[in-house]
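Protein chains in written order, with the UniProt record's numbering: chain V, 1 to 279; chain W, 1 to 279; chain S, 1 to 279; chain P, 1 to 279.
These are computed hints drawn from the structure, not numbers from a lab. Do not take every clue at face value.
[What the hints assert, rightly or not] Here are some chain W residues pointing at chain S (derived, C-beta under 7 Å): (1) 38; (2) 145; (3) 152; (4) 198; (5) 234.
Even for Gly, the Cβ is constructed at its ideal location relative to N, Cα and C.
Number of protein chains: 4
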Amino acid sequence: MSRHSLKHHLYVIIFGTHTPAGRAFDLGLIIAIIASLIVLVLDSIPALNEQWAEVFMYLEFGFTGLFTIEYLLRLYCSPKPKAYAGSFYGVIDLLAILPTYLALFFPTAAYISVIRMLRVMRIFRILKLVRYLQDSNILLRSLLMAKRKILIFFSTVGILVIILGSIIYVIEGPKHGFTSIPQSIYWAIVTITTVGYGDLVPQTSIGKAIASITMLLGYSILAVPTGIITAELNQEMNSHKSLVKCPNCSKSGHESDAMHCKYCGSELADPDKRITTPE
Amino acid sequence: MSRHSLKHHLYVIIFGTHTPAGRAFDLGLIIAIIASLIVLVLDSIPALNEQWAEVFMYLEFGFTGLFTIEYLLRLYCSPKPKAYAGSFYGVIDLLAILPTYLALFFPTAAYISVIRMLRVMRIFRILKLVRYLQDSNILLRSLLMAKRKILIFFSTVGILVIILGSIIYVIEGPKHGFTSIPQSIYWAIVTITTVGYGDLVPQTSIGKAIASITMLLGYSILAVPTGIITAELNQEMNSHKSLVKCPNCSKSGHESDAMHCKYCGSELADPDKRITTPE
Amino acid sequence: MSRHSLKHHLYVIIFGTHTPAGRAFDLGLIIAIIASLIVLVLDSIPALNEQWAEVFMYLEFGFTGLFTIEYLLRLYCSPKPKAYAGSFYGVIDLLAILPTYLALFFPTAAYISVIRMLRVMRIFRILKLVRYLQDSNILLRSLLMAKRKILIFFSTVGILVIILGSIIYVIEGPKHGFTSIPQSIYWAIVTITTVGYGDLVPQTSIGKAIASITMLLGYSILAVPTGIITAELNQEMNSHKSLVKCPNCSKSGHESDAMHCKYCGSELADPDKRITTPE
Amino acid sequence: MSRHSLKHHLYVIIFGTHTPAGRAFDLGLIIAIIASLIVLVLDSIPALNEQWAEVFMYLEFGFTGLFTIEYLLRLYCSPKPKAYAGSFYGVIDLLAILPTYLALFFPTAAYISVIRMLRVMRIFRILKLVRYLQDSNILLRSLLMAKRKILIFFSTVGILVIILGSIIYVIEGPKHGFTSIPQSIYWAIVTITTVGYGDLVPQTSIGKAIASITMLLGYSILAVPTGIITAELNQEMNSHKSLVKCPNCSKSGHESDAMHCKYCGSELADPDKRITTPE
């Protein structure tokens, strides 16, 4: 096998998803990623870490070795290695292996090794190539359509939270735990999102009244992003009727799988050839 | 009465719901199930258990006896006893009686007897046969239609929770209660779902900033499943497509105002006369 | 003025809302109700109660006197006094005055006097007669239309809560505060509704896993009632197109204020006379 | 340059947004506002305040000086200075500078200086003039359309909270922390909005049952405002009604597929050629 054809063959397996070998590679990779995540998670539990630290370390070296080979192969077979290395997933792939090597030289920087948890994002790459693509796109498109409205909503929440936090800071003050404005804004976020940890609660009557207003505000403005996304999704899901006009009666609004005009029965253009851009 | 006709007669009463006897049996069964659940619940309250333990035990034996007879009768009169025993409700029926018998031999395994609370699921079987069937179906169909979108949503929440949990684990660390990654993921779930127990709260400024982002994320992505289900329900409730089949090509699914088959162009029955029950 | 006409005159003022006198009476009544509620609320604050107990008592006697006179007048001028006394608002009116009289004879039963807070419901009677009637009806009609779906939703939540409560009771047990099944069901409700007081939290790893599932369930099924009500409201608000057919081209779907067919321009029936029942 | 033309020139820069100078002024102002907010926030953190109090004070004086000049220029160049001074943003502009001057004379009133945080609202003025105007308007219009329904919703929540608070006050009483009716209403708000701080929790069985009902209520009525706003947004986004006026009767508001005026029956302009910008 020539060097070029080997490179192309590897490319189809590693980056592609349409051949059986490509699919087997993806499946193996997902299993390795999930297994390495489980090792990382178990390693963080003190009781297990004490007993099995060494086993976990060897497993981690094994996974890092595998991912390093995979990374080098990706660099080797990619037609544009630099573009890959600089892409979003290229960086994630590097971040998934680097910390283990760094930990060899700077053992105290062990915490930085949690960056390896970013491996979880590598699952996305594989998933996004497969079946759930279309539904995922409808969701994404709705969110993008609603982008501006969502931004306005978040600006409003942001300004509300700054004002409410400042007010509660004045009313409750440091002696009730509201030691600074950022701390009070944190309280306002905890309250307006209805999380309500309870680590910081108003103690005065006026403070409780302000808190009540904050809660009711948070409770009701939650309706706004929901309304936005629902309305966009509705629009997105309704926009599936073709723009094709009946050649006989000129009426449009036919379903995308219709072959005859529903009003006069004339034959319509071939469904596969006609333009079905959403209205 | 012949043996066969007795079997059939029993089948109509126990499995059927259309005869007065069948309905009376269902009603009696619901009352017995609810009564046995109340006994189980009361028995778990220490103050009552001390005084009435014996009474509760005898009542429980009574109910178990009743349900055992019912189970045996179901096995006897069912046309396919094995299929029934292996079905979802067959297993639930068995789990509803088994723990009491097991508790006789292994008295220490008393906790396992809480499995009996699964009896609550037997109520479903009876309810699903009756009036609320259609509305329940619309809800279920909407959820099934949205299955993929919901899966994408949960995967996204899952990955967010893993990443946010890992970040907070590094920032807060074991000295603030974030003792391991699973513990930190638990915190991320408590926060992103806006439950906010407050048993685990960030103490550092950066930790509070991460927590604020988690809350705002959880607060706003809640809009996504709501949008999905609302849009599907809207579609479902609007889809009053006729069940009329085309007399020529036998395909159904025509819109309610269609006068010609959208597939072959043949004339359909008069819209005002045809049956338009929803699919 | 004859006795009959006095009775009728009083009826128009007290029960009616269309005359200036009737409106003035309603306004006065609302002010008296709100004032009496404020007195009740202030009286419950220990610091104020100590100092002003006597003043509050005299004010309360004054309000009770007023409401007693109003109740007697309502009985007197109502055409069917018995029907009024037995109606929902008749009972509320009686409950609003009775506790004060009872407190005279049974001073220890002071807590029962909180029943007087039910006076707040008397505001509803007056409000429902006025301007916001139509919008309130759209909301109510949507809720009624969705009645069955909401019932199914609550049954599902109820059964989920019983099962999850029983599971957590077995896993966490009395030593972590889950002292009984009802207590554990209370925890499940606190968690599934995303309230999360934090007075009862799982301590074991498995308990935390169950809690996470409960939270995610609660977080996502919240979408269901929202979807139901939104879809119903959408239907309700869209159902405003008249069923009138154009006498010329026989097409329907005209807006309720249309006077000419939007397709052929022929004159339609008079908007005020045509039937505009929602589709 | 004449005095009048200077005034007009300043007006275009300060109040306008369409010239490059106007845009540069707006950008500079936003930066100054945000910088002054950051100084205020940092100044409130005890650790920083100790070390840098003097620096923060001088910075604050600088910003106040800038904003004072801006305020005076606005007064000078506005065609109607009194109308500006009395307008919403005129008052905000004044409140943004006044506290610093007051703090010079009454040093103990330092807390009042938090009013300066209202500067955050000045960002709104600039934002509302720019790009996100249209989407913001759709949101606002939907909220205004739903105004009455939202009012009904809040009245219902208010009355529910008063009744549930009174009930829990009677059941739990002062010995479990429910010291007064306002305190108990505060608990009811914390619970019905699903915030759940946990600073005040029911201890008795009946109290927990009432709390469970409150939670389930709050959990499900949240669906109502969401439904309202979604339905209104749907309507708003669907209302792509043409702005075409009937050539005969001059009325607009025709549906996009109408060929004849629905009011007088005159023929409208060709649907494909007319402008259909949303209202």
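To see whether the hints hold, each was checked on the structure:
1. 38: violated, 10 Å
2. 145: violated, 12 Å
3. 152: violated, 13 Å
4. 198: OK, holds: residue 198 of chain W within 7 Å of chain S, min 4 Å.
5. 234: holds, 5 Å
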